[in-house]
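Sequences listed follow chains S and F, in order. All residue numbers for the first sequence refer to my numbering, where the first residue is 1 and numbers rise by one. All residue numbers for the second sequence refer to my numbering, where the first residue is 1 and numbers rise by one.
Among these hints, one or two may not hold up.
What the hints assert, rightly or not - Capping the alpha-carbon separation at 16 Å, the derived lysine to aspartate or glutamate pairs in EDC-like fashion look like this:
(1) F/96 <-> S/372
(2) S/77 <-> S/62
(3) S/597 <-> S/512
(4) F/108 <-> S/512
(5) F/107 <-> S/183
(6) F/108 <-> S/227
(7) F/44 <-> F/59
(8) F/81 <-> S/483
(9) F/49 <-> F/67
(10) S/320 <-> S/183
(11) F/107 <-> S/374
(12) F/3 <-> S/329
(13) F/81 <-> S/62
(14) F/44 <-> F/71
(15) S/643 <-> S/191
(16) F/108 <-> S/372
Derived from the structure by calculation, the hints contain no laboratory data.
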Amino acid sequence: MTGILLLGGGLTASLAAMIICFAQKIPSARLVKICAGTSTSFICAASLLLWYLLFENDFSVEYVATYSSTTLPTMYKISAFWAGQQGSFLLWLLIHAITGAILTFRRTSAAALGIFFLLQSVLTFLVLAKSPFAENPAQVYEGVGLNPLLQDFWMAIHPPIIFVGYALLAVPFALSLGNLLTETSQAWLEEARKWTLLAWSLLGAGIFIGGYWAYKVLGWGGYWGWDPVENSSLVPYLLAAVLLHLITLARKKPAVLAVTHLAATFTYSLVIYGTFLTRSGILGDFSVHSFAGSNIGLAIALANALVLIGGLCIILIKAKSLPQGKMYETHGESAFIILLSCLLLIFIAVIVWIGMSMPLLSQLFGQAAAVDTDFYVRPTAPIALTVAALMIYTFAKFGRMISFGGKVAHVGFLAMLTAIIISVQGETVTQELRPREKISIAGHEVIYEGQVFFEAEHKKFYVYTVDGEAVRALTKLRGNGEDAAREPAILKNFSGDIYIAPHASAIDDVQELSLTKNLFTMDGELGYVFEDAHIERDENNQPTQATAQITITDGEVEEVIHPLIIVTPDGGSSQALEVFNGKRRVRLTGISGDLQKARLEILPTLEKLSSMPVTATISTKPFIWLLWLSVTAICAGTLLAIKKF
Amino acid sequence: MRKIFLIVLLVGFVAYAGLNLAESVTPYVSIAEARATSNGVQVKGLLDKNFQLAQVGNEFIFSLQDEETGETLRVKFDGIKPDQFDEAYHIVAVGKYAPEDETFHAKKLLIKCPSKYEGQQAR
């Protein structure tokens, strides 16, 4: 409830800031600062509250129960904030609001501020519509926890960086419309240039970090899969690149102003569109990243319509007062090359947009459909290569005109294309390997050594030796010992990576034993007697944990075990126990309510598991480090370009 | 001159993109519809529990069941059994139906889990 009130305060203050900016003839800068500051403070307080609830394990809040748990490490409690849809919207709002407060101190025009606070109010409304503070209908004592795949450093920082990029793209949009509403000049370009460079650099960094995480953690061997979520960030990224170049050009060629305004509006509306597509749940059957069962789609669609239609209307109304004329004089001029490159980037953006929107577009005309990845690769590759050729030409002819940061970023782009082409030339084999079995790939010798278990820490490793060097593939385990996340083993070399992705073991050697109280049950050479059970309950009579006492005998020696099941929101979790010095491994999976029956799983021993053959996909990734280096150069160069013009 | 240039470029792009689109679209169909066409499609269904799963070398074979009609379809996936396949609630198979072996040849499987975490994709 407090959270909702804080957000409500934030909404009221940002609406007030917006009204002051629009309604007063000469808005009082002090009053705007106070309202903006108040709104930002409220939103910061709401965000701190969510972090507080996460750290306090307050499972009466549904969001906390869904994305956190008492055992989650501190770093991931911080990042659980943006693990789900509601929290990531709040994060976006938080960054937007902080940016808004900064803008009030930077002599931003009142009209631009008005637009910015209008967007802030819309975002706050979206967060309120799907609040992370909603009460949990169920009473639980332990949270579900963060998806083990997301428990990774790169995945912890990827969403905030992407959202900074998204939030900052609102600045050129607001500056562009604000300028149109008041004077129609070039005055907004310098400020817009700085913010767009910062936004572009960070959005790029976020996208590339996502790709690096996919490569390092998901184990399918690639860094980009043309998934709707990836595409929905790529389209604004491409358009922001266009916007950036148009802003630079418009400073010298006023005739370019009209398309620059269009680019600012389209870039920001595609940010919102991407969010709509991936967060509304309509792609449920088409994407890996589906947030199922969300009813926020309509609200985001309306927000999107507001940004796009509102922006286009203002541009259309003011079109006459915008400078007319030729955008370029000759075809040899740098302006022409830049405009042509921008057009080609827009072509790529359109193709990606069509592809990611296909499930939606096709439904408008009848049968739902999607496109395969060839749809993206086939046409965009030649266009991207043409852009690269134009870039090299520009470098040769107009190199002096490009700033140092710009040079770094453009060389980075060329290096990135080269790295992508090289990296797909690697070899791949998928094969089952027994422990100590050898396989040769592209001149490298890979030996599978076996599995090492760390059950107490809920993890295990597949160990390989590549050219005499040991590498391990981490698999995170669930509370019940099942695989939760399987990461690849990567050996980094100058000539590229050796990438080993083990697959799930095909052998399902698990037996289930049903035990009745005080009844002797034989399994192989061992006998089991279920002697006693105890279920602990909370004040509402809901079970929290269950223990059993079971005696196991081989005819001579008796061993008594007390396995435990902890009740969690998705059922229960229980650890496997080793008995008779590791000869058997058993796990309690259930106790009947009347305490008369128990279910016991007989699992393969660790020794046996370790000696089982494991199928793995082994591939080489030639010079993949060049890709990581080149994308770093793109982002760093862009940041450097902010200073010098 | 410059207008003609722009128009040629745009028309070229639209034609190029359109042709490419026609080649790559995979409609979302029922099992019955998938059987009736030899084009690439996406079929969604439940795992047919009565069918014995099989991994033959690099091919994984299972059976998909239509949620409404109960009709089943044998699917051969060009790859290894995806992780979390056993926990799958919905499976979306992307590929083509081949009448000669009465099997759907899937290039890609999308696994939708009812589990605590979001779905995972197999490639």
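Going down the list of hints, with the structure as the test:
With a C-alpha separation of about 13 Å, the suggested pair residue 96 of chain F and residue 372 of chain S falls inside the 16 Å cut-off, and the hint holds. For a cut-off of 16 Å, the pair hint linking residue 77 of chain S to residue 62 of chain S stands: about 15 Å separates their Cα positions. Pair hint residue 597 of chain S plus residue 512 of chain S holds up; C-alpha atoms about 13 Å apart against a cutoff of 16 Å. Distance check on the hinted pair: residue 108 of chain F and residue 512 of chain S sit about 33 Å apart at the alpha-carbon level, beyond 16 Å; violated.
Note on residue 107 of chain F and residue 183 of chain S: the hinted pairing is violated, with a Cα-Cα distance of about 56 Å set against a maximum of 16 Å. Only pairs whose Cα atoms come within 16 Å are accepted, and residue 108 of chain F paired with residue 227 of chain S is accepted, the gap being roughly 13 Å. Simply put, residue 44 of chain F and residue 59 of chain F have alpha-carbon atoms about 19 Å apart, too far for the 16 Å limit, and the pair is violated. Under the criterion of a C-alpha separation no larger than 16 Å, the hint pairing residue 81 of chain F with residue 483 of chain S is consistent with the structure, at around 14 Å.
For the given pair, residue 49 of chain F sits about 13 Å from residue 67 of chain F by alpha-carbon distance, which is consistent with the 16 Å threshold. With a C-alpha separation of about 13 Å, the suggested pairing of residue 320 of chain S with residue 183 of chain S holds against the 16 Å cut-off. For the proposed pair residue 107 of chain F and residue 374 of chain S, the alpha carbon gap of about 12 Å is at most 16 Å, so the pair holds. With a CA separation close to 13 Å, the supplied pair residue 3 of chain F and residue 329 of chain S stays within the 16 Å bound.
Proximity of residue 81 of chain F to residue 62 of chain S is assessed by CA-CA distance (about 34 Å); at most 16 Å being required, the pair is judged violated. Taking the CA atoms of residue 44 of chain F and residue 71 of chain F, the gap is near 12 Å; set against the 16 Å cutoff, the hint holds. Our distance criterion of 16 Å between C-alpha atoms is met by residue 643 of chain S and residue 191 of chain S, whose separation comes to about 12 Å. Restraint check for residue 108 of chain F and residue 372 of chain S: satisfied, since their Cα atoms lie roughly 10 Å apart, inside the 16 Å limit.
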